[in-house]
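A.B. asks: Spelled out, the chains give:
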Amino acid sequence: MFKRFDTDAIFQRLALLAVAAFLIVVLALPLGTLFEKSFRDRDGVWVGLANWVRYLETPSLVGSLWNTIWVSALATAIVVPLAFVYAYALTRTTMRWRGLFRAVGLVPILAPSLLPAISLIYLFGNQGFARWMLMGETVYGPIGIVIAQVFYCFPHAFLILATALSIADKRHYEAASVLGAGQTRIFLTVTLPGVKYGLVSAFFVVFTLVATDFGIPKVIGGRFNVLATDIYKQVVGQQNFEMGAVVGMVLLLPAMLAFAVDRWVAKRQVALLTARAVPYEPKPNAIRDRALFAFCALIAACILTLLGVAVWASFIQYWPWNTALTLRHYVFSNADASGWEAYWNSLQMSALVATFGTAAIGVGAWLVEKTKGAGILRGAVHLLAMIPLAVPGLVLGIAYIFFFNAPSNPLGFVYGTMAILVLNTIAHFYTVAHLTSLQALKQMDPEFESVSASLKVSVWRTAWRVTLPVASPAALDVWFYMFVNSMTTVSAVVFLYGPFTKLASVSIVNMDEAGFTASAAAMGVVVVLTSGFAKILHSLLAAYLAKRTQAWRAR
Amino acid sequence: MIDIFKRGLRPLAVAATAVAALFAAQAADAQQRTRITVYTALENDQLAPYKEAFERAHPDVEIAWVRDSTGTITARFLAERENPRADAIWGLALTSILMFEQQNLLAEYSPQGFAALKPSFRDAAAPITWHGMDAFAAAICYNSAVARQRNLPPIRTWADLLNPAFRGQIVMPNPASSGTGYLTVSAWLSIMGEAGGWDYMSKLHDNVAVYTHSGSAPCVQAARGEAAVGISFDMRAAREKTQGAPVDIVVPTDGVGWEMEASAIVRGTRNMAAAQKLMDFSASLAANQLYARYYNILAHPGATGAAQNYPAETEARLIRADFAAIAAMRERVLAEWTRRFDGKSAPR
Amino acid sequence: MAHLKIENLTKRFGGFTAVREASFEVAQGEFVCLLGPSGCGKTTLLRMIAGLETASAGRILQNGAEMTHLPPSKRDFGIVFQSYALFPNLTVSDNVAYGLRSKGVARADMAKRVDELLTLVGLPGEARKYPAQLSGGQQQRVALARALAIQPGLLLLDEPLSALDARVRQHLRHEIRALQRRLGVTTIMVTHDQEEGLTMADRIAVMNAGAIEQFAAPAELYARPATPFVADFVGTTNFLPATFVAPGRVAAAGRELAADTPAGLAPGAKLRICVRPEDVAVRDVGPGAPNRLETKVGELVFMGAFSRARLDAGGGVALQADFSANLLRDRAIAEGVSLAVALPPERLRVFAD
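Residue numbers (numbering that gives the first Met the number 0), protein chains in the order written: chain A, 0 to 554; chain B, 0 to 347; chain C, 0 to 352.
Because the hints were derived from the structure by calculation, they are not lab data.
A portion of the hints provided could be inaccurate.
Here are some of the chain B residues that sit facing chain A, going by a computed Cβ distance under 7 Å [claimed, not checked]:
1. Arg32
2. Thr33
3. Thr36
4. Ala40
5. Asn43
6. Leu46
7. Ser68
8. Thr71
9. Arg75
10. Ala78
11. Ala124
12. Ile154
13. Gly224
14. Glu225
15. Gln242
16. Asp341
No farther apart than 27 Å at their CA atoms in a straight line, the calculated lysine-lysine pairs in the DSSO-like style are these [unchecked claim]:
17. A:Lys455 <-> A:Lys369
18. C:Lys128 <-> A:Lys546
19. C:Lys73 <-> A:Lys371
Which bits of chain C does chain A cover? Going by a derived footprint, with three or more residues having C-beta under 8 Å, they are [stated by the list, open to error]:
20. 48-56
21. 67-79
22. 144-153
23. 216-227
On a predicted model such as this, the values are computed, not experimentally measured, just so you know.
Every residue, glycine too, gets a C-beta built ideally from N, C-alpha and C.
With the hints as constraints, model all of the structure from the sequences given.
C.D. replies: If you want it as C-alpha cells, here you go:
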C-alpha cells in the first residue's frame, strides 16, 4: 500500500481542502448565518417565513425592487454602449492619444463611489453652477443616481470590453471583406459576435454593481428608494437585522439572475480564437478616427470634470457662501477624530489585502486549474469563488458580525482587528481576482505538471520556477485590482472596523454624513491620488516585467 | 519534501511572522494602561477634548473610541449583543440606550454625583444603568438667503411649513433611517395627537423634496442652499451658522421633540473599574462644563451652556417626553410612516 | 524478461470505456508504436503507462515490478508531448537541466551533460536561447533532450511530430529512430500517422475503439492484417464482398476464387476479401491463371511513381489496383481498355463478415 503514497498529491489535496475551508469560513458560513437569521424574530425565536411574508406585504418593496431594476438597467444601458465605443476607439483605430484616453477612462475606478455623488451635487444640486442643464429636474433621485453610477461603473465596463476587443483575428476581417461585406455588415457579423461574451459580462458586472451599491443612492437618491438603501434603513435606521437579512436575500436575486444569464452565455461561447490567429491591426481611417477622437475627448472631459469638481470642492472654504481656497479640509482631524490615521489604516489594509489576497486566490485558482483528482472539491472551490460577485457588501458585512462575533466561534479573536477587515475584503473581491488568475493559468500548457512529474520534480517547484514567473503579469494585475478596491470599499467594512482600524473610505462616509463634505471630498482626492500612484507603480512594474521577460515572450 | 518548505513556503512564513509581530506589538502596547473600548455617536470634534479631559483625570485609563452615526453604532452594538465588544457607552441617544437596557445589555451602576443631576437626566427605575449628559432638540435650519431669493414667508410654528410656498423646499430626515427623524415624527404625534399628526405629515409630504438618511443632512443641505428648509436638530444648526452659513435657527413655538445623550456601562465588561471611572467622570460637573461647550441643555444644574449661536429658547419649548413610550411605539409608527410616505415619488 | 508488460489494462470514464483490456509486452530497447485514429484510446493508454491517468483495472509491470498505481514521480520514464510543453520562461539549457537538478547532479557536471544532450539532438550552441526563439522542430528536439536528460528506462512520445510540417517531420522521424537505437532506450510512441508508425517502430499496436486489434511488426501487420480494421487503417486495401463455398473456395464478383479461408464456416456464410492494390497482378495472367478476373479500366489517377486504377469487374464490383509507370507503358493501360487481372490466392485475406 505504501507504494501509492504520493506526497505531491497528498499535499495538493490538503491545500485544496485548506482553500475550500477558507472560502467556507469567509463566505459560506457568514452568509448562511445571515440567511438563517431571516427566519427568526428579534429574540431569536424561529418564525419560519413570517419575516418574508411581512416584507412581501410591505407596499414599498415592489417600489424598491422595481426602482432597483430599472435604475440598474438604465445605468447599464447607458454605460455599456459608451464604454463599448470608447474601448472600440482605443483598440480598433489609429487615433491619437490612445494611451492618455485609456488612463483617463480608468480614473473613476480609483475613486470612492461617493466622490461622483458629491461632485454632482456641486454641479447640478440646487445651488450647483450647472443646474440649468437639468432643465428644472432635480438631481436628487434617479437622475443623480444614474449619472453617478455611469461614472462609477464606466471603467469596469471599459476594462472588460477593451480586453474583449483587443483579441481579434485579422483573418476573419479579411475573409469578410473579400466576401464583399460592407463596414456595417462586418461590424455586425464579425466584431459583435467576437465580443459577445465581453458584452454580456459587461452588462452583468455593471448591473450588479449598480444594484448593490448603496453609497450613491444614499447621498444623492433623495426620496428615491432602492433595495440597497432599504437594507440601510432596516439595519442602521431600525436595527432590524432580521428584516435586513430578508432584504439582503432579496437583493441577491437580481444579481443572481444576471449571474445565471452570464454563465448561460459563457457556456455557449465558442472559442473564436485559435493559436494560429493573426492579430488584428487597425488601419487609419480619417473620418472614423476623427469622430471617435471627438467622442473619447467628450467622455474623458466628463470624467475629468467630475473629478476636477471634487478636487476643487476639497479646497473651497465653505461652499457656496465662501469660495476662497484653503487647505484646511485636508486636516482631517477637524472633521473625523481618526484624522489621517484612517488613511494609513486604509493603506495598510489595502496592501495586506492585495498581497495575501493575490497569494491565496492565486493558489486557489492554481489548485482548481492545475491539479488532478478531487474533482468535486475543485468544483466546490470554483463555485464558492463565484459567489462574492453577487453579494452586496452591506450583506457580507452584517453576516460577518453575526458569524465572527458569535461567542461560540473560535475565530472570534479576529473580530475588531485588522485581520477581519482583510479577510472580509479578500472575500468581497474574490471573484474577479479568481477569474483573472484562472484565465492566466488556462493559457499555460496543461502538460507542464506532467512533464515535471516525469522529470521527478515536485509540482510545487514547477509552480515556483515556471507557473508563477509566467503568470506574474496577471498576478500584478490582481494585486492592483485588490489594492484599489480595498482603498475605496465601504459597505462591507462599515460594521467591522475597530477602535484602531477605521478606514479612509468609512471616514469619507462619516464626514459627508456629518456635513464635512469638503473634507470627505479631500479624503476622496487623497484616495484617488494614492490609487493613481499605485497604478503608476503597477505600470512601471509591468513594463519592467515585460522587459525582463521579453526575451522569452517575443518570437 | 524539505524542498517544498525551503522554497515554496519561505515567503509565506516570513509574511506570517511579520503580521504576527504587528499584532503582538499592538497587544504589548495595551498592557501598560487599561484600555477601554467606548462606543459613541458624539460629534467628531468632541472626541478629542473629551478623551483628553478624562485621561488627564484618570491617567491609568485610555479610551479607544468607536464612533459612528447613531444608527450604525446602535446596529453594531445590537448585532454584537451575543458577545459585546464595548466596555462602555459615552454619548449615545437615550432611545438606543433604553433599547439596550430593555435587552439587559447594560450593567447596573450609579456613578458618583448621580443624585446631583437634573431628575429627567437620571435613570428613574432600578436597576440604574444610565445617566444623561446633555440634550439636543429638533430645530429648523432656514436658509435666509434662499428665502429672500425665492420670497418665502417666515416660519414660527410647524404649521407654517404647510404653506404651498414651501413646495419642494423642505428636506427632512427619513424616520426609518434616522433617530432625529423619528424624534421629530413622534413629537408631532404627541403635540397634534395621533390623527392630527398623521394629517399634518400627509400635508407636509407634499412640500418635502427629499427624505434624507441622516439627521444632520437636512441642515447641511439647508446651509448649502440645496434646500430652503431643513428639519434637523439644534446642535447641527448652530454649527452651520457658526461656520458662516446664512441660516436662521427656528425652534417652532408649538414645541419640539428632543433627545438625550446618555452614558452607560456594558454588561460583562472585563474592565469594570475603568468603566466606572468613566461614568463617574461623565456625571461630574467638570465633564458637564465640557459638554457645555457644545450643548446648551445639560444634565448637571451647575453647568451652563456656552455653545455659539445656540437658540436660547429651545429648553422652554421642549415637549414633555416619555422616552419609554416613544421607544415602545416606534415599530408601529415607522411601519405606518413607511406605508404612507416612503417610496412615493416626489409630487410635482 | 520484457521491459514493460501491460496486462488487461482498462480505463473507464464514467460509462465510457476509453481503453479495454489492453495487453502487450515491450522488450528492452524496443520501439513500439500505439497507432490508431483519434479517440481510439491510444493517448489514454500512454498516459496510464506514465501514471498521468489511473487505470480502472489491469496491471502495468516494469522490469517485473508492478507500478500500476504509482504516481508519475515514482516511475522511470521521460515524456515528450505534442505541444512540447517547454517552459517558456527558462532557457533551452535550463529546460534540459530541469530534471537534472532534482537528481542532485553537480552544477559543473550539469553544464557538461546539457551540452552533450544538445549535441545529441543536434542543437549545439542554442543553449542560451528561449523556446520562443526556436523553430517548431528545434523545440521538439529540446523537449526530447529534456526527457532524455534523466536517462529514463522508458521514453514516451505523445504524437511528437504532428505539429510539424511534412519535411521537418520526415527528417525528425529518422533522427529520433536513430537516436533511440543508439541509446537503446525502450520507447513507446503514440501516433495517428500510419506511415510514421510503419517507418519508425519495431512493433505496432493498432488500436480501435479502446481495444488493441493487432500487435505485430510493421511488415507482418501490412501483409497479414488480423482484422478488417487493421487492413483498412494500415495502408490501402480493397474489400470485396464474398460468400463461403468450401474450405479454400469463395465466391466473389460472380465467380469462384481460391483463397485461405478461416475454419468453421458454413457454406453460404458472408465474407469479406481483402486485397492490396499493389497485389493485383497483370503480368502472366493467362486464360488458365488462378483467380483471373476480366475487368475494364475506369478512372486512372496519377500518383507519381505509380498510378491507381479503378477496375470494374462487373456485377457492381470495383477494385483499386496500383500499376507502375513502366507497366502502364508496356501494357498500354489507359482509361476504357479491357484488362485481365489475377488476385494471387496467397495475397488474399478472408474475414468472416
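A.B. asks: Against each hint, give a clear statement of whether it holds in the structure.
C.D. replies: We went through each hint and held it up to the structure:
no., hint, in the structure
1, Arg32, "violated, 14 Å"
2, Thr33, "violated, 14 Å"
3, Thr36, "holds, 6 Å"
4, Ala40, "violated, 11 Å"
5, Asn43, "holds, 5 Å"
6, Leu46, "holds, 4 Å"
7, Ser68, "holds, 6 Å"
8, Thr71, "holds, 5 Å"
9, Arg75, "holds, 6 Å"
10, Ala78, "holds, 4 Å"
11, Ala124, "violated, 21 Å"
12, Ile154, "violated, 18 Å"
13, Gly224, "holds, 4 Å"
14, Glu225, "holds, 5 Å"
15, Gln242, "holds, 6 Å"
16, Asp341, "holds, 5 Å"
17, A:Lys455 <-> A:Lys369, "holds, 17 Å"
18, C:Lys128 <-> A:Lys546, "holds, 16 Å"
19, C:Lys73 <-> A:Lys371, "holds, 16 Å"
20, 48-56, "holds (count 3)"
21, 67-79, "holds (count 10)"
22, 144-153, "holds (count 5)"
23, 216-227, "violated (count 0)"
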